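Q: Chains as they are written, first to last, in this note's numbering: chain B, 1 to 264; chain P, 1 to 265.
Treat the hints with caution; some may be incorrect.
If you want a taste of the chain B side facing chain P, the calculated C-beta under 10 Å gives, among others [what the hints assert, rightly or not]:
hint : residue
1    : G65
2    : L66
3    : I85
4    : D91
5    : L106
6    : P107
7    : L138
8    : R140
Derived lysine-lysine pairs resembling DSS-like cross-links, with alpha carbons at most 27 Å apart [claimed, not checked]:
hint : chain 1 : residue 1 : chain 2 : residue 2
9    : B       : K111      : B       : K188
10   : B       : K242      : B       : K188
11   : B       : K82       : B       : K188
12   : P       : K167      : B       : K82
13   : B       : K242      : B       : K179
14   : B       : K111      : P       : K167
In short, the hints are calculated from the structure, not lab data.
None of these values were measured; they are calculated from a predicted model.
Ideal Cβ placement from N, Cα and C applies to all residues, glycine included.
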Amino acid sequence: MSARDIADVQVTAPALVSLREVGKTFPNGLVALANYDLDVREGEILTLLGPSGCGKSTVLRLIAGLASPTAGVINWSAPQVKNNIGVVFQDATLLPWASVFDNVFLPLRLKGVPREAASPRIEEALAHVGLLNFSRALPRELSGGMRMRCAIARALVTRPTLMMMDEPFAALDEVTRFKLNDDLLALKRRFGATIVFVTHSVFEAAYLSTRIVVMSRRAGRLIDEIEIDPAIPRDDDYRSSKTFADMCRRASQALRVSIEEATP
Amino acid sequence: MIWTRRAIPWRDIGVPLAVLFLALALWEALVRWKNIPPYILPAPSVILAKLIEDRQLLFSSLLVTLGVTFEALVIATFCGVALALLIAQSKWLERALLPFAITLQVTPIIAIAPLLLVYLQPGNAVLVCAFLVAFFPILSNTSLGLASVDFGLRDLFDLYRASPWQKLIYLRLPSALPQFLAGLRIGGGLALIGAIVAELAAGASGQGTGLAYRIVEAGFRLDIPRMFAALALISLSGLAIYGALAALSYVLLRGWHESARAQDE
Numbered sequence: 001m002s003a004r005d006i007a008d009v010q011v012t013a014p015a016l017v018s019l020r021e022v023g024k025t026f027p028n029g030l031v032a033l034a035n036y037d038l039d040v041r042e043g044e045i046l047t048l049l050g051p052s053g054c055g056k057s058t059v060l061r062l063i064a065g066l067a068s069p070t071a072g073v074i075n076w077s078a079p080q081v082k083n084n085i086g087v088v089f090q091d092a093t094l095l096p097w098a099s100v101f102d103n104v105f106l107p108l109r110l111k112g113v114p115r116e117a118a119s120p121r122i123e124e125a126l127a128h129v130g131l132l133n134f135s136r137a138l139p140r141e142l143s144g145g146m147r148m149r150c151a152i153a154r155a156l157v158t159r160p161t162l163m164m165m166d167e168p169f170a171a172l173d174e175v176t177r178f179k180l181n182d183d184l185l186a187l188k189r190r191f192g193a194t195i196v197f198v199t200h201s202v203f204e205a206a207y208l209s210t211r212i213v214v215m216s217r218r219a220g221r222l223i224d225e226i227e228i229d230p231a232i233p234r235d236d237d238y239r240s241s242k243t244f245a246d247m248c249r250r251a252s253q254a255l256r257v258s259i260e261e262a263t264p
Numbered sequence: 001m002i003w004t005r006r007a008i009p010w011r012d013i014g015v016p017l018a019v020l021f022l023a024l025a026l027w028e029a030l031v032r033w034k035n036i037p038p039y040i041l042p043a044p045s046v047i048l049a050k051l052i053e054d055r056q057l058l059f060s061s062l063l064v065t066l067g068v069t070f071e072a073l074v075i076a077t078f079c080g081v082a083l084a085l086l087i088a089q090s091k092w093l094e095r096a097l098l099p100f101a102i103t104l105q106v107t108p109i110i111a112i113a114p115l116l117l118v119y120l121q122p123g124n125a126v127l128v129c130a131f132l133v134a135f136f137p138i139l140s141n142t143s144l145g146l147a148s149v150d151f152g153l154r155d156l157f158d159l160y161r162a163s164p165w166q167k168l169i170y171l172r173l174p175s176a177l178p179q180f181l182a183g184l185r186i187g188g189g190l191a192l193i194g195a196i197v198a199e200l201a202a203g204a205s206g207q208g209t210g211l212a213y214r215i216v217e218a219g220f221r222l223d224i225p226r227m228f229a230a231l232a233l234i235s236l237s238g239l240a241i242y243g244a245l246a247a248l249s250y251v252l253l254r255g256w257h258e259s260a261r262a263q264d265e
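Here chain B stands alone, though its shape is the one from the complex (with noise of 0.2 Å):
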């Protein structure tokens, strides 16, 4: 199969979820989301980029099913998706008291699994972000870097189908960031997760992404969707790329555009 193919089935596979005239407004009136639509498909990374409150995180929040949408309406390929997602926060989110193990632990506990079962997944997961030497440590003992792998790995040993992330490596520093972008493609290969990543970031969007979409400050209004080909080998080659760069331009275009839109 080629690289066109591959696109060109990445393009045309079937929604995961469908968002369709979806809205959001908060009690105090504050309009998140207005008549959004959204496709999130199988097998994809996808990309919501847009300017500090232009509804990125909402949406996020809607589909994992911690908000509902005030107008519009949310549709699953199945019931299971619905029931099997991960999500990786801005913050990692851990339980302080408790250990990295117990913190990946959690889900499966929640769900019921007893830990003597749960226990090869959790250190599958564990050591799939080279955390296995550090089951016992508290999220105090850990860099920024290591507590959000952590929380990768407590997302993932559910296996999810979906995996949402919210800005998960924001507050990271740039060399550390560039190790989890790649850590982060090499868990999608091994996992297969469909994802949806929100970033500020235009390098990051266009690295780890097969589809971005720009978002407007405008309640729900779309600046533009880029397609980028998942057969190209994501590395440090492609990010010095004539491709890489005119991605980063055209996605920065639109932030631009999102920017200004905001701009009274």
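Dock chain P against the given chain B, drawing on the hints supplied.
A: Positioned in the frame of chain B, the structure of chain P alone reads:
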């Protein structure tokens, strides 16, 4: 190792001890130099001698007071946590119950004690007084802790569809632990104060066996050194209760909570 270093905090103990010994030495010197009689101001050496001489009487009274304090603290902990859990379940319960808890807290215990002595046996009245003052800080701190769960963690538990019971056991109770322990530290000191106040009220009516009763009794006899000896025992007991609860708090929060971390650093 952090624990070993914390187990012998010489600087924290040494400095106040040096100040204490200096103050006692000055006190001793002043009493001897001015020839102040012991019924006006006894020297520390006289108080110590009295403490040794009356040790049987004073220590048996101390055990009574500490027993009441401990019993009251256990009941206050149980009731405070139980009520905090009830309040956390429903705003209606909070509206219905919290005003009564606040009323009990703001009414001076010294005003309640004589009434309790009318209706209850002296021992029970002392216990209720100690309970009443220890109860509120445990209730209010635990309530605050239960209500202060991190929003991100709340979302995480919602995402995984945790049951209310799972949220309580795995999230809300551990989150509330630092505030609960802070309330317990305050409650521990207050339970002793409540017991002493009630014993003083009971002592004034000629009933009681606790340490405060010994102070009242010694006051009637103008045995000032014994009053000071009993006072010293009360102060030391208060310090011991606070120290024990602070140590418990440190052990339980060590490694993950900022308060224990601040102590480490």
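Q: For every hint, state whether the structure bears it out.
A: Cross-check of the supplied hints:
Hint status for B/G65 relative to chain P: holds, with the closest Cβ pair at about 7 Å, below 10 Å. Because the closest C-beta pair between B/L66 and chain P is about 5 Å apart, less than 10 Å, the hint holds. At about 7 Å, the closest approach between the beta carbon of B/I85 and any beta carbon in chain P falls short of 10 Å, and the interface hint on this residue holds. The criterion of a C-beta within 10 Å of any C-beta in chain P is met by B/D91, whose closest approach is roughly 6 Å, and the hint holds.
Because the closest C-beta pair between B/L106 and chain P is about 7 Å apart, less than 10 Å, the hint holds. For B/P107, the interface hint holds, since its Cβ comes within 10 Å of a Cβ in chain P; the closest pair sits about 5 Å apart. Hint status for B/L138: holds, given a least beta-carbon distance of 5 Å to chain P, under 10 Å. Nearest Cβ of chain P to the Cβ of B/R140: about 6 Å, under the 10 Å cut. The hint holds.
For a cut-off of 27 Å, the pair hint linking B/K111 to B/K188 stands: about 23 Å separates their Cα positions. At most 27 Å may separate the alpha-carbon atoms for a hinted pair to count; B/K242 and B/K188 meet this at roughly 25 Å. Annotation: proposed proximity of B/K82 to B/K188 holds, straight-line Cα distance about 19 Å (limit 27 Å). Only pairs whose Cα atoms come within 27 Å are accepted, and P/K167 paired with B/K82 is accepted, the gap being roughly 21 Å.
Proximity of B/K242 to B/K179 is assessed by CA-CA distance (about 22 Å); at most 27 Å being required, the pair is judged to hold. For the suggested pair B/K111 and P/K167, the alpha carbons sit about 12 Å apart, so the restraint of at most 27 Å is met.
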